[in-house]
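A.B. asks: Next come the chains, spelled out residue by residue.
Number of protein chains: 2
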Amino acid sequence: MSADFVEEKNSENFFAVRYEIERSLFCKQSRFQKVEVVETKGHGRMLLNDDLVMLTERDEFVYHDMIVHPALFTHPNPRRVLIIGGGDGGAAREVLRHSQVEKCDMVEIDEVVVEACREFLPVTAVGMKENSRFSLHIDDGVRYMRETPDFYDVIIVDSTDPIGPAAPLFNSEFYRNVYARLNDGGIVVSQAESPFYNSAMQRTMSQVLSELFPIVRYLNFTNLTYPGGYWSFSFASKKWHPIRDFDESRVVNSKLQFRYYNPEVHRGAFALPNFQLENIGAFLKD
Amino acid sequence: MSADFVEEKNSENFFAVRYEIERSLFCKQSRFQKVEVVETKGHGRMLLNDDLVMLTERDEFVYHDMIVHPALFTHPNPRRVLIIGGGDGGAAREVLRHSQVEKCDMVEIDEVVVEACREFLPVTAVGMKENSRFSLHIDDGVRYMRETPDFYDVIIVDSTDPIGPAAPLFNSEFYRNVYARLNDGGIVVSQAESPFYNSAMQRTMSQVLSELFPIVRYLNFTNLTYPGGYWSFSFASKKWHPIRDFDESRVVNSKLQFRYYNPEVHRGAFALPNFQLENIGAFLKD
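Chains as they are written, first to last, in the numbering used here: chain A, 1060 to 1345; chain B, 1060 to 1345.
Keep in mind that the hints were calculated from the coordinates and are not lab data.
Source: prediction; values computed, not measured.
Incorrect hints may appear among the rest.
Given that identical chains are not distinguished, each listed pair holds provided it fits within a single copy or across any two copies.
[Claimed, not checked] In silico lysine to any residue, SDA-like type, Cα no more than 25 Å apart, as pairs:
#, residue 1, residue 2
1, K1314, L1343
2, K1188, V1173
3, K1100, Y1256
4, K1344, D1198
5, K1093, D1220
6, K1100, P1221
7, K1068, S1191
8, K1100, R1303
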C-alpha cells in the first residue's frame, strides 16, 4: 500500500491530502531535504520536498504566472531579474518570456532539486536550459544576496516554506539586502504562504517589508495542491504601484499567451479579503 | 482508526483529503443522503453529505459571503429573496442581514440537513431561527420553482454537487422556471463547482444560462475545504451588471461587517483566469 500514494500532512491543522501515484520517479536525500518526483494518477508529475507538495504538472502554471507576471508587467522596463530559489525552473521559464529581460540570474541552494527537475519535470525545467540571458548559481540565496555586487529590477523569492533551508529567506536581514540590490524602481515578490493557515508568518513578513519599502501589497491566487488552495505572494516596490502604474496595454502588446494571468486577474489578485486585511492591513503601504 | 478521521475522496482526480476528528456528533441516513456532523480537530464542526464536505465552522464565512453579497449589493433594491437548498442556514443568515430584504423564502429538500444543523451547527443555523421575514419550506426545489406563484428579486441556488438530489438543479428546465419567477431586474446566483475539476459542468451551466439571460458572469473564490480550494458561483442577471452597476457606497452605507467580502473582493471575484475563460468565455454575456 505505502508505495501507492504520497501524503502531505498538515499537522498544525489536523488534515492530510493523499494523492494516488503510478510510481516514484526520483527520490534522493540532499544536504538540505528529501527531494522526490512521483507520477500521480490525477495531477501529472509532482515534486515534493520533505513530503510537502512543491508543484504538479497540472497546476504549476497558476503559481508561476502569478509569481512572475504581476511584477514584470508592473515594472515598466524589467531588464535584470533575480530568482532566489525556484529550482524547478518554472519562474525562470516565465521570466524569460519577457523580451525586455536581458539577464535572469537564479540562485538555488539545492542542486538535487535542479537535477530532479531536469530529469523528470521538463515542463518547468525548460526554463533552465542553455540561454545566454540565463545564469544558474548553485548557492545559498541568503549569502548571495549579502555578497552580490549586482543590481536588479525585479527580485523573485520563490522559496519553500519558512522551515529548513528557506527559513532565513523570511527575515529582516535578508530583505535589507534585497532592498540594497534593487535598482531605484525595483520590485520584490515573495512566496508568502497561506492567508488562512499561516497568518502569523504573513504578519511578520509584511511588517519586515513595511519597514523598508514605500509600497507593500499582497496578491492572492489559488494553488490547487497547496493546503487549502488559497495562497499569497508579497509584493514590495520602491516606486511602481501594481494597480496605479499597471498599464494593461503592455500585456496585450507583449503578445504573450497565459493560461491563468490576464489584466483583470492582475488587478483582482491584489483585492484582499477582510480577514487577511485585519491581519496584515496595518503593514500594507500604498 | 476508522472513527478518528473523515475522508473526502475525489476518485476522478485520484486524491483524498482526510480530516482528523474529535468525535462524530450526528449521523443519519435521510431519504436523500447520509447526513453527518463531526467535530474536527482543525476546522471546528464540519457538515458532510454522502462523505463530501459541505462546510466547516472555520471557513464557511467565505462561501456564504460570496454566494449572497455580490448579488445583493448588485441589485439596487433586493426585497424578495429565494434560496434553493442552503439547509445549513448560512445563506439565509447573510441574506437577512440586508435590511431591504422583506421576505426570504428557503426551499430545502432534506429536513435531516436542517435538523442536523439546528442541533449541531448554530453558527449557520442561526439564519433559520424564527423571523417574520423568513420562511422555510421543506420541499423539492425543482417542483417549488415550477409551481410557485411568487416573484423574486434574487434567487440563490445553494445546492450540493450535481449528483443525487441536486442533479436537476443544474439543467435547463429548472433555469427556465427560475427566469420566469424573477422580477424584471432579477439575479440568480448558483453554486457552480470547481473551474479546474468540473469544467464540463461549468460549460453546460453557462450555456444554459446564456440562452436565458442577457448578463451571464461567473465569480470565483477559495473555499478551503472543497477539492483544490478554487470554486465558482454563476451569476445571471436580467438587468443589473455586477461591475458596471455595482455602487460600492451601498456596501459602506450598509454598515455591515464581513470577514471576507468587501468592494475590492467583489470586483476581483469576477476576474476569471484564462483557462476558465477558454472553457466558458463563449457563454459569458456582458
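A.B. asks: Next, verify each hint and record whether it holds.
C.D. replies: Status of each hint after checking the structure:
no. : hint          : result
1   : K1314 - L1343 : between (32 Å within a copy, 23 Å between copies)
2   : K1188 - V1173 : within (11 Å within a copy, 58 Å between copies)
3   : K1100 - Y1256 : between (27 Å within a copy, 14 Å between copies)
4   : K1344 - D1198 : neither (32 Å within a copy, 51 Å between copies)
5   : K1093 - D1220 : within (14 Å within a copy, 38 Å between copies)
6   : K1100 - P1221 : between (29 Å within a copy, 24 Å between copies)
7   : K1068 - S1191 : neither (41 Å within a copy, 47 Å between copies)
8   : K1100 - R1303 : neither (43 Å within a copy, 43 Å between copies)
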